[in-house]
Amino acid sequence: MKLKREKWKKEYLGRTAVTLAGLFIIVLTLAIGAFLFYKGTATFTSDHHTVAEFLFSSNWEPAQQGSGGKVGAAIFIVGSIIISAFALLLATPFSIAAALFMTEISPSAGRRILQPAVEIFVGIPSVVYGWVGLTVLVPFLAKVFNLAYGYSVLAGAIVLAVMISPTITSVAADAIRSVPNEYREASYGLGSTRWQMIYRVVIPAAMPGILTGVVLGLARAFGEALAVAMVIGKMQAFPKGLLSPTTNLTAEITASMGNTAEGSEWNNALWAMALLLLIISFLFIVIIRLIGKKGADKT
Amino acid sequence: MQRIIVKVQKIEHEEEKRGIKKGMKKILSVILAASLMAASLCACSGNKSASSSASGSLSGTIQISGSSALQPLAQAAADKFKETNPDVSVTVNAGGSGTGLQNISDKTVDIGDSDVYAEEKLSSDKAKSLVDHIVCVVGVAAVANPQAGVSNVTKQQLTDIFTGEITNWKEVGGNDQKIVIINRPKSSGTRALFQKYALGGEEENTGKSLMEDNSGTLRQNVAQTPGSVAYIAFSYLNDSVKPLYVDNVQPTYENIYSGKYNIWGYEHMYTNGQPSALCKAFLDYVQSKDFAKTITEKGYGLYSEMKVKRSSP
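Respectively, the protein sequence lines represent chains P and Z.
All residue numbers for the first sequence refer to the working numbering, where the first residue is 848 and numbers rise by one.
All residue numbers for the second sequence refer to the working numbering, where the first residue is 633 and numbers rise by one.
Warning: the hint list may mix true and false statements.
[Unchecked claim] To be clear about the criterion: a stretch of chain P counts as covered by chain Z if any three or more of its residues have a C-beta under 8 Å from a C-beta of chain Z, and this derived list gives those stretches: (1) 891-903; (2) 1068-1082.
[Stated by the list, open to error] Quick list of in silico lysine-lysine cross-link-like pairs, BS3-like style, CA-CA up to 30 Å: (3) P:K886 / Z:K939; (4) Z:K840 / Z:K810; (5) Z:K912 / Z:K930; (6) Z:K712 / Z:K925; (7) Z:K787 / Z:K810; (8) Z:K760 / P:K886; (9) Z:K912 / Z:K941; (10) Z:K892 / Z:K758; (11) Z:K892 / Z:K787; (12) Z:K840 / Z:K802; (13) Z:K828 / Z:K712; (14) Z:K912 / Z:K787; (15) Z:K921 / P:K990; (16) Z:K760 / P:K917; (17) Z:K760 / Z:K828; (18) Z:K921 / Z:K712; (19) Z:K840 / P:K917; (20) Z:K810 / P:K1087; (21) Z:K840 / Z:K787; (22) Z:K941 / Z:K925; (23) Z:K930 / Z:K739; (24) Z:K840 / P:K990; (25) P:K886 / Z:K892; (26) Z:K787 / Z:K921; (27) P:K886 / P:K990; (28) P:K990 / Z:K810; (29) P:K1087 / Z:K760; (30) P:K917 / Z:K828; (31) Z:K714 / P:K1087; (32) Z:K939 / Z:K712; (33) Z:K939 / Z:K925; (34) Z:K892 / Z:K714; (35) Z:K925 / P:K917.
Keep in mind that the hints were calculated from the coordinates and are not lab data.
All values derive from a computational prediction rather than experimental measurement.
Note that the Cβ used here is the ideal one computed from N, Cα and C, for glycine as well.
Between the sequences and the hints, there should be enough to build the whole structure, so can you do that?
Below, the structure written as structure tokens:
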């Protein structure tokens, strides 16, 4: 009896607790997904809008009471895509370069200086990025490009790029570190220089890991609300260029969620946007899985 | 080679695990937040039944949510009310007028703050059960960046500016500076107010204007963008932006009280049905003479001073 109790304490207690916690997380994830699905589809079921209208129309005029408004969210969707894409375009080269520097070129400086710097970057709250963007970057852009104001796709992309580069850097650095040393030695053995070794052997071998970092960065860029909303101007129009303002999904959700009553057409349309964000991030996860699988097949 | 492949796969597997761990952390924090919220909700409903003894000492909890424009005043009222009634706990959450009205309609809070009449956000059968308590008035001023060089506009000019008819400040006697409109979202109560009383119901030009809802950020936007124009509550005015006179009337509470300046609205505290004894004591305090000084200090106007009245829509 005593032995049994000992065993329970030593083995089963911990195991049960961990299993329960794990199950709880699965249930919670599913519950959040189901809840979002339930709320997000109300636009299409109870307000009778078509999915095509929501995705492709730019006529955004939902009713605050009852229904009869327009829920075309195309401007917000395009805004989210363009800003995130440009952020990625800006952040990826820098991040991969930083990851190479801290792993291949100067591992000791990387460990002592760059790694802590990247970690601090990750910990900075997004409102700080937004406020610095608003008070420094926006006036700066206006001055440099001689604009009426600096609120623009570019400002949003720059702020986002700074925010997502630590994510890409750290995941890419992990991937590069995990390239086996034999690869490097073989490459040197064939007479390549260090740089040839890096871009012919290390980068291709670490590619799945690097791409995973890029997609993780993209997912973060897509979901970021506060910082971007503060610098893109939130003009409800398609952007005419990099220097023109626009709005995006997260900005509209945060701006209008508190102002609209639950169950109204407007509120339902915002839930549909939230559901769309969940679907998009789900797609990103699928892409990461596929990349990982492909990488495993290749080697 | 075989060994290397195994190694790579192992490493990738580990990487995957690390990714999952990160996700788990996030989810865990969500659970924690959710359970904390649930706990706090339980705690409040536990002693909701306010006990008011004959001596007048009160105890219990009052939950307030809603309008972010009214939030600073509601918080000040909560703090002062607690000074005289130490056994009472009052919590104030901002979240927007829509949230406040929704919450009071669902009875998840005791008082719902709103910038607009409940009928403007809720369906009429939901709004019917709510009781309106007007606690103060709030004035809204059109503000411009000081570089615009304009201090007065006519009502027609103001309308033309926000509808996009006038695009340069020199057309209204200011500097040669392009006008940049910064709007609020269409769901905003302040925007509804401004549109109704400043623009005579004219629709603002949404596709060509910037947008910001947070009053603090909006003020910052106007202060740093040359030629910009927006509208904010008097309580947010400071030296960094220039409030515009409309038809030579200065945006002040004196002019609102006398009816000369008409861009203002009531601030409402709604209860669902008649308020409980505790809520009634709180609302009485907010509407009392003792609290009037705080109302004016915080940049709001006194309902009792109003010589003009408006009725619900």
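Which hint numbers doesn't this structure obey? 1, 3, 10, 13, 14, 15, 25, 26, 27, 29, 31, 34, 35
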